[in-house]
Amino acid sequence: QVQLVESGGGLVQAGGSLRLSCTASGSIFSINFWGWYRQAPGKQRELVASITRDGSTNHADSVKGRFTISRDNAKNMVYLEMNSLKPEDTAVYYCNGVKLRGVEYWGQGTQVTVSS
Numbered sequence: 001q002v003q004l005v006e007s008g009g010g011l012v013q014a015g016g017s018l019r020l021s022c023t024a025s026g027s028i029f030s031i032n033f034w035g036w037y038r039q040a041p042g043k044q045r046e047l048v049a050s051i052t053r054d055g056s057t058n059h060a061d062s063v064k065g066r067f068t069i070s071r072d073n074a075k076n077m078v079y080l081e082m083n084s085l086k087p088e089d090t091a092v093y094y095c096n097g098v099k100l101r102g103v104e105y106w107g108q109g110t111q112v113t114v115s116s
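The sequence shown begins at 1 in my numbering and counts up by one.
Bear in mind the hints are in silico, worked out from the structure with no lab data behind them. Honestly, I wouldn't trust all of these hints.
Derived lysine to aspartate or glutamate pairs resembling EDC-like cross-links, with alpha carbons at most 20 Å apart [what the hints assert, rightly or not]:
(1) K64 x E81
(2) K99 x D54
(3) K43 x D61
(4) K64 x E46
(5) K43 x E88
(6) K99 x D72
(7) K86 x D61
(8) K86 x E46
(9) K75 x D54
(10) K64 x E88
Label pairs and their calculated CB-CB ranges [what the hints assert, rightly or not]:
(11) L47 x P87: 13 to 23 Å
(12) N83 x P41: 16 to 26 Å
(13) K99 x E46: 15 to 25 Å
(14) N83 x S27: 30 to 40 Å
Quick reminder that beta carbons are idealized off the backbone N, C-alpha and C, glycines included.
With the hints as constraints, model all of the structure from the sequences given.
As structure tokens, this is what we get:
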């Protein structure tokens, strides 16, 4: 089993920054894909950024240049650095881990609210 716990969300003014953290525990050795998703009220959950086992990253066009995903293997942590936040970034942000066989794990989510 894998447990994922997000932290770092909160209320911030437009233009501000936050860093989200995902603490992973359990049998994470076979996870080959890490992602940060978000879901705003009334909208579908969307992939914001991802990082693979070999360190390759990808960011959604809407956050490219503002958000950065990273990973600290020694600490079993995945981060999402968010800069130049906009009101439209307001959402619940979820950490996701996917094993080679396609088994997915999700955290409980952390709320990010950006005020204008």
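Holds or violated: K86 to D61, with C-alpha atoms at most 20 Å apart: The hint holds at about 14 Å.
C-beta pair N83, P41: status relative to the range 16 to 26 Å that was hinted: Holds, since N83 and P41 (Cβ atoms, about 23 Å apart) stay within the stated range.
Pair hint outcome, K64 versus E81 [Cα-Cα no greater than 20 Å]: holds (11 Å)
Restraint status (C-alpha distance of K43 to E88 at most 20 Å): Distance ~12 Å between K43 and E88 Cα, so the pair holds.
Range hint compliance [Cβ, K99 to E46, 15 to 25 Å]: holds (22 Å)
Pairwise hint evaluation, D54 against K99, where the allowed Cα distance is 20 Å at most: At roughly 14 Å apart (the allowed maximum being 20 Å), D54 and K99 satisfy the hint.
Hint consistency between K64 and E46 [alpha-carbon to alpha-carbon, up to 20 Å]: Roughly 14 Å between the alpha carbons, so the hint for K64 and E46 holds.
Pair hint outcome, K43 versus D61 [Cα-Cα no greater than 20 Å]: holds (17 Å)
Outcome for the supplied range 30 to 40 Å, where the beta carbon pair is N83 and S27: holds (33 Å)
20 Å Cα cutoff - pair K99, D72: holds (18 Å)
Pair hint outcome, K86 versus E46 [Cα-Cα no greater than 20 Å]: Holds. K86 to E46 sits at ~16 Å (cutoff 20 Å).
Restraint check for K64 with E88, where alpha carbons must lie at most 20 Å apart: holds (14 Å)
Hint violations for this structure: none, all hints satisfied.
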